[in-house]
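Build out the structure end to end from the sequences listed, making use of the hints.
Chains as they are written, first to last, in numbering that gives the first Met the number 0: chain A, 0 to 268; chain B, 0 to 302.
Keep in mind that the hints are not guaranteed to be accurate.
Have a look at the derived ranges for each label pair, beta carbon to beta carbon [to be verified]:
1. S112/B <-> G79/A: 35 to 41 Å
2. S183/A <-> R201/B: 24 to 30 Å
3. D118/A <-> D48/B: 29 to 35 Å
4. E199/B <-> G43/A: 18 to 24 Å
5. H92/B <-> K108/A: 41 to 47 Å
6. F197/A <-> Q30/B: 46 to 52 Å
7. V180/A <-> T170/B: 52 to 58 Å
8. G188/A <-> T202/B: 23 to 29 Å
9. E94/A <-> R225/B: 49 to 55 Å
10. S183/A <-> S208/B: 33 to 39 Å
11. V180/A <-> D12/B: 57 to 63 Å
12. E220/A <-> T202/B: 29 to 35 Å
13. T10/B <-> T7/A: 40 to 46 Å
These are calculated hints, taken from the structure and not from any lab test.
Just so it is clear, CB atoms sit at the ideal spot from N, CA and C, and this is done for glycine as well.
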Amino acid sequence: MYKQGIYTVMSNRRIAADVYRMVLSGDTQYLDRPGQFINIKLSGLYLRRPISVCDWDKETITIIYKVVGEGTARMAAMTGGEELDVLTGLGNGFETDFTKLLPEAGIRKSPEGNFVFPDGRQVTAAVVGGGVGVPPLYALSRKLLSEGVRVIAVLGFNQEDQIFGYRDFAELGVPVCLTTVDGSVGVKGFVTDALKNFEYDFYFTCGPEPMLRAVWNLGKERGVEGLLSFEARMGCGFGACMGCSCETIAGPKRICVEGPVMKSGEVLL
Amino acid sequence: MDMRVTLSGWTLDNPVIPASGTYGFGYEFHQFYDINMLGSIALKGTTKDPRYGNPLPRIAECREGLINAIGLQNPGVEKVISEELPRLKTVFHKKAIANISGFSIEDYVYTASRFDQEEQIGILEINISCPNVHGGGMAFGQKAEAAAEVCRAVKAACKKPVYMKLSPNVTSVAEIAKACEEAGADGIVLINTMLGMRIEPRTGKPIVSTKAAGFSGPAVKPVAVRMVYEVYEAVKCPIIGVGGIETADDVIEMMSAGAAAVEVGAANLVDPYACKKIIEELPEKMAAYGIERLSDITGRAHH
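Below, the structure written as structure tokens:
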């Protein structure tokens, strides 16, 4: 369900090079899954800005965004108290019910409330993020943990001054492996250079398309399925304009409505 | 106060119609408000066969508008009739306007004839002005003879009113409108998007995949008003005015230029409540300007 509303900027601070964390207060009842996004109207700019939701509670929405153009630059200059016209509840978000994600695997809930395979082994999910693809994986990780899934995180950045957010994952109790392209912190290289050393039953990934493709290819080699969250230039963000449609095995899908999260078995990369 | 308008014998509660391509097949918007308040809905452009459309990116923002290069993505007329119309019917109880595109005269006739059988459709809007496809679309709308030929063929095959949707990317839109009317058109819809382009300053490359694409939004309104004004002088059939409408004042301006009804396009993409707000604002503006019956103001700029 979509909803338009007025939200107040509670805080907005820089957390890495060109990356900001903004907390908005307002009606959050239309957000129901991690991986959804909101679409923000900024005065003087014609189209809204779609930004993925990092986290939310009853009164607030947290977004983490990178300054990439005029709109995000204006957002970065906000100091708090500003009122924004925002559409919420957009996008499908991540499914976290493993009986639906892997229907053939015989996964069930154990008496302890964990998702387990028929042999009793707990399901392990890898959450794999790159840059500003990391934020939606935070609320996702918390949700997965609450559903009784083991979670490991592999988070990739270009270089040290762009790193953010990994401590939040660690605080949830999620083991985090960092990668940087220049090797300044963690494993040198791309997320897949680290991910290939881990065992996991399923992956959830969000980040730039070359990264999604690499994670997807690694999954194909290993016979592991996953969910991938895409981004695109959007017109409306709620399915009216077809501006963000991508081709899939199951026909054209709108990244804003049937996505941004797509199944590894349906995407064409 | 009376907001009703009549298009070829079909009376609409008000003149506000979401424009094709900015409202999907209508269903998405019922999540925001009760869409039965609309005059009607112009459905997403439909072709004989399913089309994916153009590669991404398809959208680039402009000052006071956007350019789009969707390329007529649609599931094809059979699926529109078997899936989209029944789904729309669950949330919209009025007749809709089918928007029809093609790559040959036979295509247009085929798709129009399929919609002609549907009780849910009030008008066949023939799109000979899509700038985003090759070998069809706008090609038929750039020459008076070609436009008239499409119009004549569809008229011969269909019973419902046929409205020709015209391109602004021509030397004389009035001439093309006149040729369509002579070929039997029951009405004229204008304008479709203007051909535009955006180039990313950092890379120096066009932003959308097709390079040039259709420009719409409030920036094009003066062009649309001028073209509606010109066409009103050239034809007797009703005109649906489209281009940059965002407010009740815009509706009144467009109707004064000669429009019997209006379509609201780009505004829907930015504000999903745009049409609702316009419809709610119209009575206030009518009262302020002493307009008793909205249909009376059509073409008043000419007198």
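inquiry  = The hint says 46 to 52 Å between F197/A and Q30/B; measuring C-beta to C-beta, is that right?
reply    = Violated - the Cβ-Cβ distance for F197/A and Q30/B, about 40 Å, lies outside 46 to 52 Å.
task = Note whether the CB distance of E94/A and R225/B lies within 49 to 55 Å or breaks it.
result = 51 Å, holds
query = Is the gap between the beta carbons of S183/A and S208/B within 33 to 39 Å?
reply = 36 Å, holds
key: Cβ separation of G188/A and T202/B, checked against the hinted range 23 to 29 Å   = 26 Å, holds
Distance restraint hint 52 to 58 Å, applied to the beta-carbon atoms of V180/A and T170/B = 54 Å, holds
query = Has the hinted range 40 to 46 Å been met by the Cβ atoms of T10/B and T7/A?
reply = For T7/A against T10/B, whose Cβ atoms are near 45 Å apart, the range 40 to 46 Å holds.
CB-CB spacing for K108/A and H92/B relative to the 41 to 47 Å hint = 44 Å, holds
request  = Using the beta carbons of E220/A and T202/B, state whether their distance is inside 29 to 35 Å or not.
outcome  = Distance hint for E220/A, T202/B holds at roughly 33 Å.
ask   = Is the distance from the Cβ of V180/A to the Cβ of D12/B consistent with 57 to 63 Å?
value = At 59 Å between Cβs, range holds.
Hint check for G43/A and E199/B - Cβ pair distance inside 18 to 24 Å = The hinted range 18 to 24 Å holds for E199/B and G43/A, with Cβ atoms some 20 Å apart.
request  = Indicate whether the distance between the beta carbons of D118/A and D48/B respects the range 29 to 35 Å.
outcome  = 49 Å, violated
query = Between S112/B and G79/A, does the beta-carbon spacing fit 35 to 41 Å?
reply = With Cβ atoms ~60 Å apart, the hint is violated.
Of the hints listed earlier, those the structure fails to meet are numbers 1, 3 and 6, in rising order.
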